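Same order as they appear, the protein sequences are chains B and G. First residue of the first sequence: 1, per our numbering; consecutive thereafter. First residue of the second sequence: 1, per our numbering; consecutive thereafter.
The hints are simulated quantities; they were obtained by calculation from the structure and are not laboratory data. Just so you know, not all the hints are guaranteed correct.
Said to hold, decoys possible - Where chain G lies over chain B, by a calculated footprint (3+ residues, C-beta under 8 Å):
#	stretch
1	24-32
2	38-45
3	87-94
4	219-226
Stated by the list, open to error - Pair by pair, the computed Cβ-Cβ distance ranges are:
#	chain 1	residue 1	chain 2	residue 2	range
5	G	Gly478	B	Ser100	36 to 44 Å
6	G	Pro78	B	Arg249	47 to 55 Å
7	G	Glu149	B	Glu99	42 to 50 Å
8	G	Ala106	B	Val3	20 to 28 Å
9	G	Pro98	B	Val3	46 to 54 Å
Nothing here was measured: the structure is a model prediction, and the numbers come from that model. Ideal Cβ placement from N, Cα and C applies to all residues, glycine included.
2 protein chains.
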Amino acid sequence: MPVDPILALRERLGSVMDLRSATAVLQWDQEVNMPPKGAEGRGQQLATLSALAHRLFTDPEVGTLLDSLHTQKDTLSPADAALVDVTRYDYDRATRLPESFVHEFARECSRAYEVWTRARAESDFSQFLPSLARLVELSRKKADLLGYEGSPYNALLEEYERGMTAEQLKPLFAEVAAAESQLVKRIAASPHQPDLSWLDGTWDEAPKWDFSLRVLKDMGYDLDAGRQDKSVHPFSTQFDLCDVRVTTRFNPKELFSGLMGSIHEGGHALYMQGHAPEDRRTPLLDGASLGMHESQSRMWENVVGRSLAFWRHYLPILRGYFPGRLDAVTPEQVYRAVNRVERSLIRVEADECTYNLHIILRFEIEVGLLEDTLKVQDVPEAWNAKMKEYLGLDVPDDAHGCLQDIHWSHGAFGYFPTYALGNLYATQMLETIQREIPDLWQQIERGHFGTLLGWLRERVHKHGRRKLAPEILEGIAGGGLDWRPYYRYLEAKYGPLYGL
Amino acid sequence: MPVDPILALRERLGSVMDLRSATAVLQWDQEVNMPPKGAEGRGQQLATLSALAHRLFTDPEVGTLLDSLHTQKDTLSPADAALVDVTRYDYDRATRLPESFVHEFARECSRAYEVWTRARAESDFSQFLPSLARLVELSRKKADLLGYEGSPYNALLEEYERGMTAEQLKPLFAEVAAAESQLVKRIAASPHQPDLSWLDGTWDEAPKWDFSLRVLKDMGYDLDAGRQDKSVHPFSTQFDLCDVRVTTRFNPKELFSGLMGSIHEGGHALYMQGHAPEDRRTPLLDGASLGMHESQSRMWENVVGRSLAFWRHYLPILRGYFPGRLDAVTPEQVYRAVNRVERSLIRVEADECTYNLHIILRFEIEVGLLEDTLKVQDVPEAWNAKMKEYLGLDVPDDAHGCLQDIHWSHGAFGYFPTYALGNLYATQMLETIQREIPDLWQQIERGHFGTLLGWLRERVHKHGRRKLAPEILEGIAGGGLDWRPYYRYLEAKYGPLYGL
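Only chain B is shown next, with the shape it has when bound in the complex:
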């Protein structure tokens, strides 16, 4: 009895996805629950699961199935055709890297991570330099193996943002950097700086936790198909359409930072809970790209969660969680507080207004390394010069400079731009949303997020990986990537806030 190749492919992909989901559960547990001594055993379990998933997915049998499905392409349903397309793409990329190369790369990364940890602790780039040099070299080799047109950087960027190129980003990011750094400098020079003394003191965790869950529920996050936990580094993850989890962390000295982190991860979680049920246990059950994913977290965290309308609704509710402490505070004061602009050396502490500058700096260094126009030993100098140029800040040491991020020690070149793209996508979307939901801000002021979520579900979430990010954007904005909506958004928000 001949087996239907689409059924055979779906069964194979189901097993691969189950292994990847199990991997995600083990990783989540590692961050949220695992006792410290469990690390060694967990590392082995994760390595075994990943290797098995890779072997199952790159099995030549999958290639044969895909070939045979290609010949009957016209008879496939749209759902099956999309699955075959995406699987072909993933399969080709996965099989272009020989297992020996994957091992070599992984081994180098785990060595580099150890070295980076120590180098950062001692704020000494020279310790990390040889590892970084090897990872750049291996990444160029990886690009050669994967294949590319134009910049070798494209082959790596492709992993996170399919279809995006360095050639497209270079001029665009240069314009963003010029405009944004001007704005930031004007804000820094403004005499209208917010008075935040009402935020002094410590803020108990339990009410912040409860309030964050309240907001997540209001946003539409289904807690019967998800949960929130605490972890050192907040993240969101998906084991299945109906098991999507977020984590957060709370700093006793901050009232808002943990909450904004919850909303950010909640934005990712809403995307994951919004995929199509028929895509379960297939590679289609995922975001279009990391940039598109980040557009959802930033839409909720920054556009919605840092709006005046949002705080007009939530401040009276938050008062109930901190009896007596916020009675004299106004929504406008909260709005100023959560939108304070402060030039920082550290990306993860950066605000919405300065964030992209941190990213563009990294992007330009990464491209320089991959295109061999920047030598590895010159990274600190390049970093510090750009920090001065974009943010006007002097970098005191490598720990506060080019050693601050984990990404390069993981060999993850091409990841950073997706953060900035998230900001651009979100604000391009926002202009359409405001046209199509004219009373958006009145709804938010009433704590009503259903229309917005419905819009995002329909235009972004439900597509999963059936559409690429540029297609989704085209459908929403009627055009390609454009940084001007983002700049208009910043000016409209921060101009009045800082009396520019």
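Here the structure of chain B is known, so what remains is to put chain G in place on it, guided by the hints.
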């Protein structure tokens, strides 16, 4: 280059154990964290992991490796020889069941579980009867496939208690039942019943939780290699030597039940944390048998945790967790409370003194079903008659009788006896321990458990599966299974408590 077969075997087993550990993490998460809607996806992930682990382990290549290692048996180190022995045993059992049979059995179990849930809710055995009949039939088939001498029950019991037989247990359990039911009846008739009115009221969860963690730490449970959580059904599990977890649950109306549950699971956890590091990622990293595992949980819960010495140490500490409420209570009162004997219809509520009677009743019914001396439709009648004979209780309905336990709906015949064996093993050990640690009870009264734990580590824990339960027992008691130490223990404890 020829591969060393022992290295090849260890590598293969490492992957299998990693998959099994991942399965255990997913199951733990399911009980402790998983949001309700995650059940469907989780079921598929678990099925995929189990199938892959089974396929990897029963691969003919493993058989070839084992054959080749058998020929060089004399050159193997003791560790390698033990590994080959245990793996051969597991491999032979695993490969005797054809995949089609395993699927059929699993399908029948999941159907039976649904049916049992409804039948229990409606207290109607007749609904469950056809499922139970099919599971008995399939279990007989399973026994035939696995092979056995004597009773077909032996093939099933073997799964949980290797080397134990129905022929050995039948006369032994009959003696236990006769002696224990006499004792229970004398206790029930005693005028010296404890006054437990001081336990009335509700008891907050947080102090009970903190106190339970304090006791677990004192026992020697390494919380850097473990953790405690809450779940509906308390359990313990191991993902690695250094990641051993327990769960508990607290009833607001009970001061002690959750704590005794924690100590019970802590006993299992100490066993798991005490295996040999060199057995990691091999099938040797496990208990000798379920009965031996249960001996450790019951040693800590009943022998230690329900002793007067234990409460002489812990009552003053517990007072600190419930300020003012326990000041007038004496260690003797706590001792009486945690050793109250009460004949109950429900096994999971049974105390130490009546517990084995519940088990023996089930054992006799299981053996009757497997040996075909008891018809499935006669189970309720047999159950109720034995309940009357052993405990003097009338069973009002099936929900409080033969439908109360989940085990049969899982097709787990042969599991129950291991609970009773745990009691027997523990008390046989106790007699040796008291000889070899003459000041055992003085140590416990000082909250010092290190000598006892060291003894258990040396004589039981470190062996993992390198020794079978009878070997371990022989090394400790200088003989085979004997029920008289258990009975002496009960008489010595409950005689004075109930003025017999």
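Consistency of the hints with the structure:
With 3 residues having a beta carbon nearer than 8 Å to a beta carbon of chain G, the stretch 24-32 of chain B meets the requirement of three or more and the stated coverage holds. Residue count for the stretch 38-45 of chain B with a Cβ under 8 Å from a Cβ of chain G: 6. That meets the three needed, and the coverage hint holds. A count of 0 residues in the stretch 87-94 of chain B with a Cβ less than 8 Å from any Cβ of chain G is obtained; the coverage claim is therefore unmet, three being the minimum. For the stretch 219-226 of chain B, the stated coverage by chain G is satisfied: 5 residues place a CB nearer than 8 Å to a CB of that chain, which reaches the threshold of 3.
Distance hint check: the CB atoms of Gly478/G and Ser100/B are about 57 Å apart, inconsistent with the given range 36 to 44 Å. For Pro78/G paired with Arg249/B, a C-beta distance near 49 Å keeps the hint of 47 to 55 Å intact. The supplied range of 42 to 50 Å is met by Glu149/G and Glu99/B, whose beta-carbon atoms lie about 48 Å from each other. Between Ala106/G and Val3/B the beta carbon distance is about 22 Å. The supplied range of 20 to 28 Å therefore holds.
Under the hint 46 to 54 Å, the C-beta atoms of Pro98/G and Val3/B, about 21 Å apart, miss the expected range.
Violated hints, in rising order: 3, 5, 9; the structure is consistent with all others.
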